[in-house]
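From first to last, the protein sequence lines are chains C and H. First residue of the first sequence: 575, per our numbering; consecutive thereafter. First residue of the second sequence: 2, per our numbering; consecutive thereafter.
If you're looking for bench data, these hints aren't it; they were derived computationally from the structure. Watch out, some of these pointers could steer you wrong.
Unchecked claim - Quick list of simulated restraints, FRET-style, between CB atoms:
hint, chain 1, residue 1, chain 2, residue 2, range
1, H, Val51, C, Lys623, 46 to 56 Å
2, C, Val843, H, Ile101, 32 to 42 Å
3, C, Ala617, H, Gly78, 49 to 59 Å
4, C, Asp636, H, Leu213, 32 to 42 Å
5, C, Asp811, H, Ile101, 44 to 54 Å
What you are looking at is a predicted structure, and each value in this text was computed from that prediction instead of being measured. Beta carbons are placed, not taken as given, at the ideal position from N, Cα and C, and that holds for glycine.
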Amino acid sequence: MYRRRSLYLFALPALIVIAIFFIYPIWLTGQMSFTNFAGIGAAENVGWKNYERIFSRARYSDAIWITLLFTVIVVAALTVTGLFFAALLHRLPLIRNFCRAALYTPAMMSFVVVAYVWQFIYSPLNGGLNALLESVGLGFLQQNWLGDPDIALYAVAFTQIWMFTGFTCAIFLAGYSGIPEEIEESARLEGASSWQRFRHIELPLLAPSMTVSIILTTIGTLKTFELPWILTKGGPDGATRTLSIEIIDNLFGQYKFGFASALSMVMLVIVLAVAFVQNKVLREREKVT
Amino acid sequence: MNNSTKALPMTHDISRALPGGSSLNLRKLRSFLIHAVVLALVAIMLLPLVYMVMMSFKTGTEIAQDPLGLPSSLYWGNYMNALASMGYARSVLNSIGITISVIVIVVFAGAMAAYPLARLNNGWSRAIVMIMALGLATPNFVTITPIYVIFRDLGLLDTYIGIILAFAALKLPLAVFFYTGFIAAIPTELEEAARLDNCNSWQVFWHVIRPLLSPVTATLSLFVMLMVWNDFTYPLLLLTDKEKFTVMIAVYRFVGNTGIDPTMLFPAAVLGSLPLLILFAIFQRRIVSGATAGAVK
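Next comes chain C alone, as it looks inside the complex:
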């Protein structure tokens, strides 16, 4: 009943935009990654040299490692905090919507604003966190939060976790709304405690939400750029120099377009590989539980 071919013409404008802004650039990035292109002038083919450099120098494997570590910390914490608040709010319908919106508010804000505000919270000079610790008698815990290479990455991760707890919480609450009332009701009648219901009924039934939450936060966190860029500029001592910072730095700090492209390709492969593996593993897990 449809004139099928003509219908595809509808997709043409979108496909043109996608081709110009995704397909062609990805292709171009792949090409540039094998050159020493410096932004202007002729590009010389250098073969796999850029990639060899990435995998032979500690600086770049460190950046990959820091990106992965940061992602694991943030995603694990976001899953727990989101689930924690969702499980609580699921049991408290009276304040559920209000708290959901309140928790979501930080995710509505710009990375720029969040980064600047937290930069001052972490500041060793009159910063909010150190002042708070002092005022409750925990002054000995004061730190130079963003200046200590052992702490900085966790401080940045904490900010990101604070920002997106409301997001994962909202995902899990959406999952909760799909759990039939009767299942919970019958468990309650059989005397299952709140914790038992969470552990044996809700947690397994929330598996699809867990999949979505983990995949979305992972993809988002792997390309984290703004928070470390503003909070620490990758420092101190490269402790927060993620792959994304390395890319921007090579691109607009040093005009090494070819090398930045190789780093970008590494990032693309990591993101696609992680998303693919997670999707497989988590979907399998959904079937088992």
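Please arrange chain H on chain C, whose structure you already have, making use of the hints.
Using the frame of chain C, we list chain H on its own:
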């Protein structure tokens, strides 16, 4: 929590364990306490925002002497200084203009592309869906270098058209998925009736499908607005002319240039977030459910 809640045993049947009215009272007390504790936890999560607003009203001396205290009075001087030098009004106008243009492109291209994808299911449509999914998953760092080079060669750097196209491309895959899901749920009987009246595909799309799409368009518009307002990477790399800055890049440049001076930082942060927070207060249900739409499926 205090003792009275712990005294409540989690046995099979609470009402049997604690007879009569006292059980009811205890349960009420317990429920009240739980609500209070959870609200307190949520309030703690919001402390940084309270801090941001509070700090924006403090004078430099107050911040140095009493970094946590409430401002002694609502001191508007910080806002006056920030407004005078950050080019706020201009950047708000820029953000609004860019937002509207991006919405127009994304809505038209997205809804049109979604129509065949929702109605046809064969190799072609699956291939297009895959391409859109790739667009959704690609980090913008992978495409930023070539886009920068292409824009420079075409003279699109530092132009409204350039930033509008870049933003539109970024949100287009999401738009296609939003509309595809929605159109697929529209019964085909409506279209068949129109076809019997000799409408061509375009007329069917324009007169039957398009008028039904406004809920998706509304949600999508909110997301575009959020992105244009909040995104940092594209304007950082593609815009250098102060006159064309979006709000966030204006905030970034302004705070960066003042050397993280708290009397400038906090009012700029509040000014930068306020319009979106107001928007969120009005549309929070639509925004939250839109952002988690994929989670339910």
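Now the hints, each set against the structure:
1. H/Val51 / C/Lys623: 46 to 56 Å: holds (52 Å)
2. C/Val843 / H/Ile101: 32 to 42 Å: holds (37 Å)
3. C/Ala617 / H/Gly78: 49 to 59 Å: Holds, since C/Ala617 and H/Gly78 (Cβ atoms, about 53 Å apart) stay within the stated range.
4. C/Asp636 / H/Leu213: 32 to 42 Å: About 52 Å separates the Cβ atoms of C/Asp636 and H/Leu213, which means 32 to 42 Å is violated.
5. C/Asp811 / H/Ile101: 44 to 54 Å: Holds: the Cβ-Cβ distance is about 45 Å, inside 44 to 54 Å.
Checked against the numbered hints above, the structure breaks only hint 4 and satisfies the rest.
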